[in-house]
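Peer 1: Residue numbers (full-length UniProt numbering), protein chains in the order written: chain A, 1 to 490; chain B, 1 to 490.
None of these hints come from the bench; they were simulated from the model.
Honestly, I wouldn't trust all of these hints.
Computed beta-carbon distance windows for the label pairs [stated by the list, open to error]:
no., chain 1, residue 1, chain 2, residue 2, range
1, A, Gly166, B, Ser314, 44 to 50 Å
2, A, Arg471, B, Pro171, 36 to 42 Å
3, B, Arg471, A, Thr487, 19 to 25 Å
4, B, Met437, A, Gln448, 28 to 34 Å
5, A, Gly210, B, Gln448, 41 to 47 Å
6, B, Ser268, A, Thr66, 18 to 24 Å
7, B, Gln475, A, Gln168, 51 to 57 Å
8, A, Pro171, B, Asp385, 32 to 38 Å
9, B, Gln475, A, Thr66, 29 to 35 Å
Think of the CB as a built atom: it goes at the ideal place given N, C-alpha and C, for glycine as much as any other residue.
Protein chains: 2
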Amino acid sequence: MSHSTFIIVILNIFSVLILSESLRFGKPMSILRNKKLTSRIPNDYKYRTLYFNQQVDHFGFANNQTFKQRYLLADQFWSRNGGPIFFYTGNEGDIDWFCNNTGYMWDIAPDFKALLVFAEHRYYGESLPFGSDTYKNATFLNYLSSEQALADFAELIRYLKATLPGAQNSPVIAFGGSYGGMLAAWLRIKYPNVVIGSLAASAPIWQFTGLTPCNAFDDTTSATWLDASPTCVDNIHKSYYVIESTSQSEGGYQFITETFGLCSPLTSKYDLQPFMAFLVDMYVNLAMVNYPYPASFLADLPGWPVKVACSYLSEPLDGKDLLRALAKVTNMYFNFTGNTKCVNWTDDGSAGSLGYQGWNYQSCTEMVMPMCSNGSGISYNNPWDFQQVSDNCYETYKVRPRENWISLEYWAKQLKETSNIIFSNGLYDPWSSGGVMESISDTVIAIQIPKGAHHLDLRAKNPLDTPSVIRARIQEGNILRSWLKLTPGL
Amino acid sequence: MSHSTFIIVILNIFSVLILSESLRFGKPMSILRNKKLTSRIPNDYKYRTLYFNQQVDHFGFANNQTFKQRYLLADQFWSRNGGPIFFYTGNEGDIDWFCNNTGYMWDIAPDFKALLVFAEHRYYGESLPFGSDTYKNATFLNYLSSEQALADFAELIRYLKATLPGAQNSPVIAFGGSYGGMLAAWLRIKYPNVVIGSLAASAPIWQFTGLTPCNAFDDTTSATWLDASPTCVDNIHKSYYVIESTSQSEGGYQFITETFGLCSPLTSKYDLQPFMAFLVDMYVNLAMVNYPYPASFLADLPGWPVKVACSYLSEPLDGKDLLRALAKVTNMYFNFTGNTKCVNWTDDGSAGSLGYQGWNYQSCTEMVMPMCSNGSGISYNNPWDFQQVSDNCYETYKVRPRENWISLEYWAKQLKETSNIIFSNGLYDPWSSGGVMESISDTVIAIQIPKGAHHLDLRAKNPLDTPSVIRARIQEGNILRSWLKLTPGL
């Protein structure tokens with residue numbers, strides 16, 4: 001089958017397919033989306049768990065209900081004589097998880113004599129505006145938005161500064177990674193009265209309509225894999241055709257099912273595109289977590305997992321040999337420990353989680369991030385279809401995304417109007433495609449981290465850290481010191 | 001009766017009184033609150049009336065309804081080759097009125113080759129989110145807020161720049177007076193991506209809890225009257241005691257009723273405080289409109305009306321003589337043309353207007369502005385009682401004000417974080433007490449206008465303009481030019 005014929009087939013599949021989640025609502029953003037990756041807490045950080053009453057609706061007064069926002073507080077390093085407050089703007093998940101996976105804040109807190117606060121994002125973890133009913137109907141989800149979350153953070157900061165003895169004169173710096181990094185940046189943009197600056201790690205604040213070409217995410221993912229092995233990418237590129245052609249051969253679906261050890265068998269052409277989307281998600285996720293060491297929260301993966309994946313695809317392959325080699329990659333990703341019975345390609349185990357449900361809703365309202373591929377790199381041909389996304393959202397939540405809202409609300413590329421934000425991005429991270437990669441001004445500073453994955457700089461220091469991330473952290477620390485009018489350190 | 005006894009009486013009255021509107025919800029803000037003042041349109045400005053579809057709720061997605069926002073557009077001066085857009089951020093009333101009473105924009109538009117746009121504030125004029133039902137129940141009022149209004153303005157500006165041929169590269173400057181001035185400043189603060197700067201005239205953005213002492217407004221009003229005549233203020237100060245004592249004399253209520261020509265008679269001690277509040281409102285309003293000329297929209301008043309009022313109170317008076325002289329002031333204010341049959345002190349005629357209803361709701365939610373008097377100046381003793389205001393609001397609208405919200409949302413005094421805002425204030429204007437009276441930075445500039453009343457600088461030029469307002473307008477024009485990178489002019 002020729003390339004052009006194949007594209008037509010794929011497009012036909014598109015028109016009737018049962019969309020995979022990533023196609024329905026956009027790419028999963030946080031590593032946390034994969035439930036498996038959230039189970040381990042690898043350290044012994046000491047903190048207290050506290051709660052603060054927040055308005056359910058900051059922007060209207062008819063609903064005067066409140067809910068308890070969870071936040072974590074560690075004051076063992078803090079100097080009440082002017083020590084700063086490092087405030088993590090929680091993203092789409094349990095705040096415990098972000099607290100335990102943002103080692104950078106813990107690593108530098110003693111030196112800065114800082115108070116650490118990790119604030120949970122409403123609708124996640126325990127911070128549920130309507131308790132156990134929160135996700136039971138779409139109207140309860142109406143207050144799940146970045147604006148409400150920022151107002152929560154601002155109110156909490158004001159409360160802490162007003163009530164913690166010694167905090168009144170403590171400057172506050174926001175920290176965040178991924179969507180949390182977007183929130184950290186936006187908190188500085190919209191509420192510079194509460195934070196003097198922000199470290200926004202791997203924050204794709206420009207991954208929105210009109211700000212970044214929809215193929216940039218795919219291109220960056222491809223580049224990360226190309227850096228490991230061009231032959232590997234050729235094989236992956238070829239694999240979509242091979243899956244297609246194999247499926248049309250006698251016993252093809254069964255071969256694929258058995259080779260990949262799939263829990264649910266492939267049975268018809270309608271399964272092909274979702275299966276391919278599942279593979280693309282895996283390539284994206286591996287690029288996101290392409291850390292130099294076996295990540296402590298990702299014990300199922302080796303260091304430099306993209307390189308390991310490509311080790312199975314380092315020679316030009318075709319046909320069933322290619323699929324067998326590819327199956328080693330999925331096995332590494334899903335079954336590194338050998339304890340998994342089969343590969344659950346139709347459900348990564350996160351479907352029931354709040355992080356999953358909440359982020360889908362956010363992707364259907366504000367966080368609609370156009371992504372596409374022309375099929376020339378690591379993904380198959382995959383156009384962006386806003387109307388399709390919008391229709392899916394309406395079907396599920398009775399809401400439609402407003403694709404231009406975020407760029408209006410958060411100033412798009414007019415960031416010379418703000419100050420004191422660090423935008424750090426690892427160049428291996430697909431999300432860096434929507435990030436701020438060049439400094440905007442003397443105080444809105446981009447830091448690129450070669451060979452860095454998704455907010456690597458926010459993770460705890462590690463003996464296997466690359467020189468690039470060590471340099472980035474030193475630079476970040478010195479910028480934080482300059483905001484705090486401290487002398488530069490190491 | 002001694003002074004101290006009187007205060008106790010007044011305080012006793014307070015505990016049982018039927019509160020006047022200004023006590024229930026805070027002082028009326030815009031001149032527009034007096035319906036009588038809105039009836040005349042004195043010029044022949046030419047503009048088109050247009051409408052733009054806005055989301056009813058910018059901050060939630062469950063309600064996807066839209067409504068038509070009215071805006072006025074005058075392009076006869078505009079150079080489509082980069083001429084700026086002067087955008088009036090409408091306040092609490094018909095946008096036609098603000099358009100016709102903001103002559104400064106019309107006066108300078110030809111010189112700047114500017115496009116003029118006047119955008120109506122939601123819930124006022126014709127811009128009613130729920131049509132004729134908008135004010136029928138409290139839940140429909142839920143989307144009446146400054147944040148929603150700013151988002152309307154931002155969306156409208158984006159739309160105009162995207163759709164008007166030639167507008168794409170037109171820099172936008174926001175203009176506004178009074179609450180409209182607050183919105184102009186806040187638009188620059190929260191959306192610097194849509195406006196390059198703002199002229200905020202008589203914008204009391206600090207008239208909120210914790211930012212300005214509650215007696216400042218009363219002190220400024222007193223100072224304006226003192227500038228006309230200290231004896232006048234002594235008489236007004238004394239009048240509260242005289243009203244109190246006269247009311248307790250035989251035929252006292254009837255004397256007051258007849259002397260002032262009141263439509264509704266005073267009949268009991270419960271009427272006293274509302275009647276005094278009515279007088280205080282008059283003194284405030286006269287200070288606000290203390291313009292050097294018979295204002296074209298205020299044809300019922302002479303130039304320098306405070307001075308005229310004080311001409312009746314220029315000698316030390318007491319007893320019935322004082323009340324008869326005071327009645328001349330109320331007659332001047334309410335019946336300058338001689339066509340009014342009686343003084344309607346229980347209803348200024350605005351009670352049914354949207355401006356009145358809408359602003360009361362806003363005063364019960366975000367715009368809660370603490371005001372008080374210790375009785376040493378032009379007002380009687382009048383403490384600020386947030387709980388009472390809150391209870392009244394709850395009774396009327398089933399909402400309670402959040403007294404610290406505005407200062408969090410709009411950065412309180414941290415305005416060094418923004419840029420390109422002019423805060424102009426007339427020193428005669430009581431609202432200047434809550435305004436920005438000193439420059440914050442090189443680009444956040446305060447302009448004081450001695451002998452200036454409420455946003456005098458925004459009014460059309462007049463042969464009787466004071467040198468101070470002429471100077472202010474020249475300074476404003478040159479700052480606007482500097483933002484637009486034009487050479488200074490006259």
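Peer 1: Is the distance from the Cβ of Arg471 (chain A) to the Cβ of Pro171 (chain B) consistent with 36 to 42 Å?
Peer 2: holds (40 Å)
Peer 1: Do the Cβ positions of Gln475 (chain B) and Thr66 (chain A) conform to the proposed distance bound of 29 to 35 Å?
Peer 2: For Thr66 (chain A) against Gln475 (chain B), whose Cβ atoms are near 47 Å apart, the range 29 to 35 Å is violated.
Peer 1: Is it true that the C-beta distance of Met437 (chain B) to Gln448 (chain A) lies inside 28 to 34 Å, as the hint says?
Peer 2: violated (45 Å)
Peer 1: So does Pro171 (chain A) sit 32 to 38 Å from Asp385 (chain B), Cβ to Cβ?
Peer 2: holds (36 Å)
Peer 1: Given a hint of 44 to 50 Å, does the C-beta separation of Gly166 (chain A) and Ser314 (chain B) actually sit inside it?
Peer 2: Since the Cβ atoms of Gly166 (chain A) and Ser314 (chain B) sit about 58 Å apart, the hinted range of 44 to 50 Å is violated.
Peer 1: Per the hint of 19 to 25 Å, is the separation of the Cβ atoms of Arg471 (chain B) and Thr487 (chain A) within bounds?
Peer 2: Since the Cβ atoms of Arg471 (chain B) and Thr487 (chain A) sit about 47 Å apart, the hinted range of 19 to 25 Å is violated.
Peer 1: Falls inside 51 to 57 Å, the C-beta gap from Gln475 (chain B) to Gln168 (chain A)?
Peer 2: violated (37 Å)
Peer 1: Is 41 to 47 Å respected by the C-beta to C-beta distance linking Gly210 (chain A) and Gln448 (chain B)?
Peer 2: holds (43 Å)
Peer 1: Given a hint of 18 to 24 Å, does the C-beta separation of Ser268 (chain B) and Thr66 (chain A) actually sit inside it?
Peer 2: The hint (18 to 24 Å, Cβ to Cβ) is violated, given that Ser268 (chain B) and Thr66 (chain A) are roughly 42 Å apart.
When each numbered hint is compared with the structure, violations occur for hints 1, 3, 4, 6, 7 and 9.
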